[in-house]
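**Student:** So the protein sequences, as listed, match chains A and L. Each residue of the first sequence is one higher than the one before, starting from 1 at the first, in the numbering used here. Each residue of the second sequence is one higher than the one before, starting from 366 at the first, in the numbering used here.
The reader is advised that the hints may include incorrect statements.
Straight-line Cα separation of at most 20 Å, SDA-like style, residue types lysine to any residue; simulated pairs [what the hints assert, rightly or not]:
| # | chain 1 | residue 1 | chain 2 | residue 2 |
| --- | --- | --- | --- | --- |
| 1 | L | 777 | A | 236 |
| 2 | A | 223 | L | 752 |
| 3 | L | 581 | L | 597 |
| 4 | A | 223 | L | 581 |
Chain L stretches covered by chain A per the calculated footprint, using a threshold of three residues with CB under 8 Å from any CB of chain A [stated by the list, open to error]:
| # | segment |
| --- | --- |
| 5 | 705 to 713 |
| 6 | 816 to 825 |
Since the hints were derived computationally from the structure, they do not count as laboratory data. Heads up, the beta-carbon is just placed ideally off N, CA and C, and yes, glycines get one too.
If you want the building blocks of each chain, they are given just below.
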Amino acid sequence: MRSPIRIVFEQRNETPKYLSTLVPLISVIAALVAGALFLLATGYSPIDTYTNMLSDGFASSRGITDTLGLSTVLICTGISAAFAFQMNLYNIGGEGQLYLGMIGGAWAGLALGDRLPSFVMIPTVLLLGALAGALWILIPAYVRSRLGTSEIVTTLLLTYVAASLVDHFVYTPGSFFVTKNSAFPQGRLVPDSASLTAFGNTSLYPTFFLVVLVTLTLFWLVKRTEYGYRIQVIADSPRAAHYAGINANRTTLSVMLISGALSGLGGAVLIVGPFGRLDPGITMLGYGYAGIVIAALARNNFSAVIVSGILFAGLRSGGDKLQISTDTPIHIGVMLQGAILLFALGGEAFRRYRIHAVRTERTAQ
Amino acid sequence: MTNTSHEVAKGPHHESGAAPSALSAHSIVKRFPGVLANDSVDFDVLPGEVHTLLGENGAGKSTLAAMLCGLYQPDSGYITRNGERIALSSPRAGLQHGIAMVHQHFRLVERFTVAENVILGSRDLSFRLNRSELEDRVSAVAESFGLPIEPGATVGDLSVGQRQRVEIVKALYQGAEILLLDEPTAVLVPAEVEKLFENVHAMTQAGKSIVFISHKLGEVVEISDRVTVLRNGRVTGHVSGRGTTDTRELARLMVGRDIELTTQRASHATGHEVLQIRDLSLNVGGVSVLSDISFNVHAGEMVGIAGVAGNGQKELAETIAGLTSPTSGSIAITGSMSTDRGPIHARELGLAYVPEDRLGMGLVPSMSILDNLLLTRDRNFVVDRASVEPEAVRLIEQFEIKANGPEHIARKLSGGNAQKVLLARELSGGRSATKLLVVCSPTRGLDVGAIETVRALLNDARSAGQAILLISEDLDEVMSLSDRILVLYRGSIVHETPGESAQLATVGAAMAGLSTEGNA
Numbered sequence: 001m002r003s004p005i006r007i008v009f010e011q012r013n014e015t016p017k018y019l020s021t022l023v024p025l026i027s028v029i030a031a032l033v034a035g036a037l038f039l040l041a042t043g044y045s046p047i048d049t050y051t052n053m054l055s056d057g058f059a060s061s062r063g064i065t066d067t068l069g070l071s072t073v074l075i076c077t078g079i080s081a082a083f084a085f086q087m088n089l090y091n092i093g094g095e096g097q098l099y100l101g102m103i104g105g106a107w108a109g110l111a112l113g114d115r116l117p118s119f120v121m122i123p124t125v126l127l128l129g130a131l132a133g134a135l136w137i138l139i140p141a142y143v144r145s146r147l148g149t150s151e152i153v154t155t156l157l158l159t160y161v162a163a164s165l166v167d168h169f170v171y172t173p174g175s176f177f178v179t180k181n182s183a184f185p186q187g188r189l190v191p192d193s194a195s196l197t198a199f200g201n202t203s204l205y206p207t208f209f210l211v212v213l214v215t216l217t218l219f220w221l222v223k224r225t226e227y228g229y230r231i232q233v234i235a236d237s238p239r240a241a242h243y244a245g246i247n248a249n250r251t252t253l254s255v256m257l258i259s260g261a262l263s264g265l266g267g268a269v270l271i272v273g274p275f276g277r278l279d280p281g282i283t284m285l286g287y288g289y290a291g292i293v294i295a296a297l298a299r300n301n302f303s304a305v306i307v308s309g310i311l312f313a314g315l316r317s318g319g320d321k322l323q324i325s326t327d328t329p330i331h332i333g334v335m336l337q338g339a340i341l342l343f344a345l346g347g348e349a350f351r352r353y354r355i356h357a358v359r360t361e362r363t364a365q
Numbered sequence: 366m367t368n369t370s371h372e373v374a375k376g377p378h379h380e381s382g383a384a385p386s387a388l389s390a391h392s393i394v395k396r397f398p399g400v401l402a403n404d405s406v407d408f409d410v411l412p413g414e415v416h417t418l419l420g421e422n423g424a425g426k427s428t429l430a431a432m433l434c435g436l437y438q439p440d441s442g443y444i445t446r447n448g449e450r451i452a453l454s455s456p457r458a459g460l461q462h463g464i465a466m467v468h469q470h471f472r473l474v475e476r477f478t479v480a481e482n483v484i485l486g487s488r489d490l491s492f493r494l495n496r497s498e499l500e501d502r503v504s505a506v507a508e509s510f511g512l513p514i515e516p517g518a519t520v521g522d523l524s525v526g527q528r529q530r531v532e533i534v535k536a537l538y539q540g541a542e543i544l545l546l547d548e549p550t551a552v553l554v555p556a557e558v559e560k561l562f563e564n565v566h567a568m569t570q571a572g573k574s575i576v577f578i579s580h581k582l583g584e585v586v587e588i589s590d591r592v593t594v595l596r597n598g599r600v601t602g603h604v605s606g607r608g609t610t611d612t613r614e615l616a617r618l619m620v621g622r623d624i625e626l627t628t629q630r631a632s633h634a635t636g637h638e639v640l641q642i643r644d645l646s647l648n649v650g651g652v653s654v655l656s657d658i659s660f661n662v663h664a665g666e667m668v669g670i671a672g673v674a675g676n677g678q679k680e681l682a683e684t685i686a687g688l689t690s691p692t693s694g695s696i697a698i699t700g701s702m703s704t705d706r707g708p709i710h711a712r713e714l715g716l717a718y719v720p721e722d723r724l725g726m727g728l729v730p731s732m733s734i735l736d737n738l739l740l741t742r743d744r745n746f747v748v749d750r751a752s753v754e755p756e757a758v759r760l761i762e763q764f765e766i767k768a769n770g771p772e773h774i775a776r777k778l779s780g781g782n783a784q785k786v787l788l789a790r791e792l793s794g795g796r797s798a799t800k801l802l803v804v805c806s807p808t809r810g811l812d813v814g815a816i817e818t819v820r821a822l823l824n825d826a827r828s829a830g831q832a833i834l835l836i837s838e839d840l841d842e843v844m845s846l847s848d849r850i851l852v853l854y855r856g857s858i859v860h861e862t863p864g865e866s867a868q869l870a871t872v873g874a875a876m877a878g879l880s881t882e883g884n885a
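The shape of chain A in the complex, shown without the other chains (with noise of 0.2 Å):
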C-alpha cells in the first residue's frame, strides 16, 4: 500500500534573511506567469505584450523617465501605507487623502496667484498638499488613537467622501477651481510660478528626488530617533510601551497624521508636476490604491518601497502605452498589480513556515 503524502506546514525559528528579497522577487515573477495565462486565454501573446511593457516601462530612455516621473507619487502613498502600516495602523485611505492633497495644492497655488517667486511658491503648494491630506485623516487618527475605532473603516469610507468632494469642486459652475465662465468640467490651470519644469522632454520632475529624500528622512527617523524607538515598541507591544510610560495615543495620531500628509504630497507633487490642475480624472487612477500593494510588496521597507514604487511606476506606464502601440487592453497593468499583492501576501507563508511533503507511515491501525 502506497501511503499518502502530507505537506507539512512547519513554522520556522528564523526567517533566512535571503528569503526577505526572494519572495518578493517570486511574487513578482509569478504575478507575471499568472498574467501569461490570462493573456493566452483572451488570445494576446504573453511574451511579446510583456516585452513591450519592458520597453516601455524600464529599458528606453523615453520610458525609464516616463516611470521615474510616475513613481514620484506612488511613493508618496507607498511610503504614506508603509508609515502606518508598521505600527500596525492601517491607512487605506491614502487615495483620499491623495485627493485632498491635490485640493490643497490648486487651491494654494490659485489663491497665492503669480505674486510670489517660484522658491516661495512651489513648497507653499506641496505643504499645504501635505497639510490637507493630514487633515482628511485627522478624524480618522483621532478615534482610532482615543477610542480604538477601526482606522480600516473611516479611511476607506472618506475616501469616497473626498472624491465627491473632487467633482464637487471641479463640477460646480463658478467653483474657485475652474475657469470662470467655462462650461468645461476642469480646474485652473495653477500659475507658473507653482509649476516646475520637467527634465528636457521628459515627465521626470525634480519632485522625484525630493520625495526620494523624504522617504530617506523618515527611514532615518524610524530607525535611529526616540519618535522611532517609541514607534517600534507601540507596534511590537503595546504593552510594553504602557509598561514604560509611552504615550500610545499620542505616536498612533501623529503616525497616522504624517501618513495622511505624505498621500497628501503625493496629491500636491501632481499640481507642481504633470497635472497643473485639479482634475476629477484623478479618482480613475487609484494611485492612492497602489501603494497598499507598494507598501506590502516592500514589507513596510521603507528603501525597498522606492523600489517597488519605481517597479509599479513601470508595470502602469508599460501598460498605458500598451493599448496605444497595441490594441491590449489598458487594465493589464492594474491586473498585475493585483496578482503581485495577492502573490506577494500569499508568500508569506513561505517566509514564515518551512513547507515540505512527507510521506505519512501506516502501520496497524
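Let chain A serve as the given structure and place chain L on it in line with the hints.
**Tutor:** For chain L alone, coordinates are given in the frame of chain A:
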C-alpha cells in the same frame, strides 16, 4: 451532588490484558529545525501507575508527550499500546486508543457549561442535545472517580482547580485510560493540590495510568511510582519508589550539575521604609479589585505576596509601578508620593519593576537586548545606542546572559536569559538608582538552573539594601525567600506572617480564603 444516575459513559474500553505496559515509547527520535528534541527516548507507563516525566524547559518532555497523545509524529521509533504497535496521526487517534492530554493552559469554552465542554468534540451526539441526559452522563463519569463537578455550571465562573477537574472529566468521558497531565499543580493552591492527588489515586485504583509532565521537583514527584528524567532530549535517569525520591539527585539529573536553591533570609536588621502603601483601593468597572491595602517594605527586606492568581496581584504591582491609578489611598516611594504620577515618575523615585509577562511587557520581543535596556531609561531625540553598548556588553557578561551580543533579539532568548536581561536592566537602575524592586513571578517557567541564578540575584539585591516586593503564585518561592509574607485574597491582605516561622498549611488556608483566626 444531587445527581445519582448510574449510566455508564460510552467510549472505548481497552482491557489491559497480559501486556506489561499500557503505553510505551520505543527509541523515539524527533527533530525540529536546528534542534534534536528527542534522541532515542524510551518511556513506558504501566496500568494503574503514576509516572512523572521530569525535565527542564526544552529538555524534550513536552515533545515526547505531544507524540504520546498524537499531536506530533516521531521521526523514527514507535509507540506501543498494550504491547501492540500503534500509529497516532492526530490527537483524535490518540483518544481512540484511550490516550488523552490535559494541557497546562486549559482548552475550555468559558461561555459553555461544564457538561457542554465535556461533550465538546464527541461524535456520537444526536442533532438535538438532551441537556439533562447529557448532564447526568457527565456527572456519572465524574462521580465514579470522586471528582465533584456541577455539570450545569458555566466554566467561566469556575476556579482554576475546578476547571482542571473539568478537563480531567472530559478526558475520562472520552474514554481515556492514560492521562497525560502537563504541570498539573502549577496553578493550584495547596488544598486543591491535595484534592487532585486524591482524584489521581481514585483513577489509578480504577486502573488508569497517569503521566505527569513537570519541570518542578515538587509534590508531583512525591506521589509518583516512577520518575523519568530528561535532559537535552535524552533520558538521563530513572528513579522509582514512592516518597523515597532524593530531590537533590533528581535536580542533578535534570541540570547535569549540583544545584543549591538557597533559602537565606536577611540577616541584618532592615532599614528605613522604602515603600509605604496606605489604604490602597482599586475599583475596575465597579468591581473592587484591591481594598484597603496598607503595608511597608523596608530597605534590605524582601516582602512576599502570596495568593492564587487573579486575587489582585497584578493590579497591586501595576498600581505601585504607576501604571494604574488607585481609586483611593496612597503610595510613597522613598518618602515621596508617587500616587497618580505615572510610571516614569515612580522610576525617578527609584522604582524598578519586573512584570510577570517578561516578553511582551517587560521586554519588547522584536528589539535587541541593547534597545530593551533603553526601554526604561532617558533617551535623547537621536537615540544614542553607541554610548549604551559598553554597558550592554558588561551586563551580558555580569549576568551571564547567553546571547550573541547586544544586538541579540529578545524574542530569541530562552526564558531564563530573557528574565536575566530584564533583571539586569531593572537592577542596574535607569532614571535613578534602584531602591525598590517589584518582581512578579520571577522564576515562573524557568529551568532549575535559571531559578537558582534569579533567586541569587534577588538575594544579592536585598543584601545591597534594596527593598524587594516579591509577588508570586509559587508558594514555595514566597515561603523560602521572603522575610515577611502577606497573603492576598480577593484584593485584601488576609494574613501576615514572618517568613521564618510561616506555616505552609496556614498560608495555604489563607490563600484559599479560609479564615486563619478563630472559626476553624
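**Student:** Any hints from earlier that this structure breaks? Give me their numbers in increasing order, please.
**Tutor:** Violated hints (numbers, rising): 4, 6; every other hint is consistent with the structure.
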